[in-house]
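In order, the protein sequence lines correspond to chains A and B. Here our numbering is used: the first residue of the first sequence is 1, the next is one more, and so on. Here our numbering is used: the first residue of the second sequence is 327, the next is one more, and so on.
Misleading hints may appear alongside valid ones.
Claimed, not checked - Chain B side only, calculated, beta carbon under 7 Å to chain A, not exhaustive: (1) I457; (2) N526; (3) A535; (4) Y537; (5) V547; (6) P563; (7) T569; (8) K572; (9) Q586; (10) E589; (11) W590; (12) G594.
What the hints assert, rightly or not - Quick list of simulated restraints, FRET-style, between CB atoms: (13) A/G270 - B/R496: 18 to 28 Å; (14) A/D44 - B/R616: 26 to 36 Å; (15) B/K426 - A/N308: 28 to 38 Å; (16) A/P91 - B/D416: 51 to 61 Å.
FYI, nobody ran anything at the bench for these hints, they're computed from the structure. Each residue gets a CB set at the ideal place from its N, CA and C atoms; glycine is no exception.
Number of protein chains: 2
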Amino acid sequence: MHRILSTSAYAFLIAAPALADPLPSWNDTNSKTQIIDFVDSVTDSTADSFVPVADRIAVFDNDGTLISEHPIYFQAAYAFDRLREKAADDPSILNSDVLKAANDGDMQGVMAGGMEGLSSVIDVSHSGISIDDFQADARDWLESAQHPVSGLNYGAMTFQPMVELLTYLRDEGFTVYIVTAGGVDFVRSFALDAYNVPPNLVVGSQGNAEYQIGEDGTPVVMKSGGVYFVDDKAAKPVGIMRTIGKRPILAGGNSDGDFQMLEWTTAGEGPSLGLLIHHTDSEREFAYDRDTPIGKLSEGLDQAADRNWLLVDMARDWGTVWTGGK
Amino acid sequence: MHRILSTSAYAFLIAAPALADPLPSWNDTNSKTQIIDFVDSVTDSTADSFVPVADRIAVFDNDGTLISEHPIYFQAAYAFDRLREKAADDPSILNSDVLKAANDGDMQGVMAGGMEGLSSVIDVSHSGISIDDFQADARDWLESAQHPVSGLNYGAMTFQPMVELLTYLRDEGFTVYIVTAGGVDFVRSFALDAYNVPPNLVVGSQGNAEYQIGEDGTPVVMKSGGVYFVDDKAAKPVGIMRTIGKRPILAGGNSDGDFQMLEWTTAGEGPSLGLLIHHTDSEREFAYDRDTPIGKLSEGLDQAADRNWLLVDMARDWGTVWTGGK
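One chain only, chain A, in its complex shape (with noise of 0.2 Å):
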């Protein structure tokens, strides 16, 4: 940039484009600054903080961080959902509290099962349908159902700032994962329309999965049943080695289940950039953060100012919330 700017010739017509506000929905506020100034740090080829464009790999939670997450993980409402419909064709497939409790809408009565709980419900929901059908089906869902507090389509309750940090990477030469806790089967179903972040830059969560060959010959890919890996807390980093292969440079997320991630993130050698969304905006979204079992945010608000950590205070960072409106 500073190469361009010098050569005066071009620098109205080139440098035009970057003066631009590359994150429009926050607010200018010292959030916003450090996001453009670790940026602009790593991409100077003239500076010593300078990251090649191989190395640029920035990694994001999903529930809570590009997307709204309560009052439950938006897959679990469509796991109860889809439990719902299999039970009624099937009652016997309620077969422990927590099933029943799914299918009644006694969401307490899920979480009193706790993650294995909500696990189960989603394992149970979620099996002996092929990976395409079950993104279809996500897909649909998304696009129908209709959160109970905002009243809006879940798939509008991404977050704008969110969407505009991520094309902002991207167009500063990132490539940009999505690195959930949730199944990557579900996030997949939407992440390139809401993201642009296309399935091969999804880690997630993952169920048992079978080759077969169905009754007509056709190949296909099914959802078996049972957990495979779970992409959470400790388990973030291993699956980020296992899929990518290389340590980000920025990683963001929301939870103590992203804890892990950011601190392997930012014990890099060279230049880092962890963030944490704060949840503290009770009015447009949810306010929450060490009293939730949904996004429980506890060490990291006690260890983000020792870490350099930069904690996002949706209240005050954020000029929008959902890319849906409000």
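Assemble chain B onto chain A, guided by the hints.
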């Protein structure tokens, strides 16, 4: 391309590079023609067979497809060398007949234990080390250890015609993945230098891995021992869906371990190409198909014609074999 050629003023300037032979190490046989015709058909934006860049996914097996694999997979040869080093320090790790045979360089004794025996040698020799340190060590070995038959360093025994094919496909807008039954960390250690394939485009078998905080407080991802995923046969389409999340349109392999990957790729709705490298060249490389435990090709040979898979005859179709000479 047709459009460019019809614009006569530019044709001379722009079409010139396309006229250069993209596959100079391939002889002018039907195999070369068929590959180029396929690429032309999916990149011609005026044709019904056109495939957009986002869907131009190509997947290639590694051992025996991009690099030699006889008399034994190179990763196994590396594992034997490392096992001997580890056993010199601690002979108690040789707690099975297969491990003892490997330590004695008794290949027949190792293969008596089948692929499971081979896998146990790899497991013992490849664990208790960080992924970063493992890859640096593997890279050193590939550049220094000498192949018992060719006398070349192992790293020099990649196939020049396939390196050209990968480059050609990338130039035509394909994303080129390696999908290997070999260990992903091992193949990633050399794939960028050898094939220009970065770590995130290598899918493979995986051992268990663990995120740990070292004694000096530095986080590290360790290879902790035990097999996590074997990316072979019917698991290849599963590995592709786990990582790439989309069906490829071109698949290349050389053994029955690649059968399902080709089957699945060529069952897609649009145009597709499956190709199998047939090791027919006892003079320049090795001749084998049905009667070998390493890279056995039998079902693929039987079905290639019916399925319209391209059977590449190494002796007939390749002008050069190894990147490192001969």
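These are the hints, each one checked on the structure:
Taking 7 Å as the C-beta cut-off, the interface hint given for B/I457 holds, the closest approach to chain A being about 6 Å. A hinted interface residue such as B/N526 counts as satisfied when its beta carbon comes closer than 7 Å to some beta carbon of chain A; here the least separation is about 5 Å, so the hint holds. At about 5 Å, the closest approach between the beta carbon of B/A535 and any beta carbon in chain A falls short of 7 Å, and the interface hint on this residue holds. Taken as an interface hint, B/Y537 checks out: its beta carbon lies about 4 Å from the nearest beta carbon of chain A, inside 7 Å.
The beta carbon of B/V547 is positioned within 7 Å of a beta carbon in chain A (closest approach about 5 Å), and the interface hint is therefore held. Checking B/P563 against chain A: minimum C-beta separation of about 5 Å stays under 7 Å; hint holds. For B/T569, the suggested interface contact is upheld, since its CB lies about 6 Å from the closest CB of chain A, less than 7 Å. The beta carbon of B/K572 is positioned within 7 Å of a beta carbon in chain A (closest approach about 5 Å), and the interface hint is therefore held.
Interface hint at B/Q586: satisfied, since its Cβ lies 6 Å from the closest Cβ of chain A, which is below the 7 Å cut-off. Contact between B/E589 and chain A, as hinted, is supported at the beta carbon level, the nearest pair being about 6 Å apart and thus within 7 Å. Restraint check, B/W590 versus chain A: the minimum CB separation of about 5 Å is within 7 Å; hint holds. Contact between B/G594 and chain A, as hinted, is not supported at the beta carbon level, the nearest pair being about 10 Å apart and thus beyond 7 Å.
The hinted range of 18 to 28 Å is satisfied by A/G270 and B/R496, whose Cβ atoms lie roughly 27 Å apart. Look at A/D44 against B/R616: about 58 Å separates their beta carbons, and that is not inside 26 to 36 Å. Our hint of 28 to 38 Å for B/K426 and A/N308 is violated, since their Cβ atoms are close to 52 Å apart. Distance hint check for A/P91 and B/D416: the Cβ-Cβ separation is about 58 Å, which falls inside the suggested range of 51 to 61 Å.
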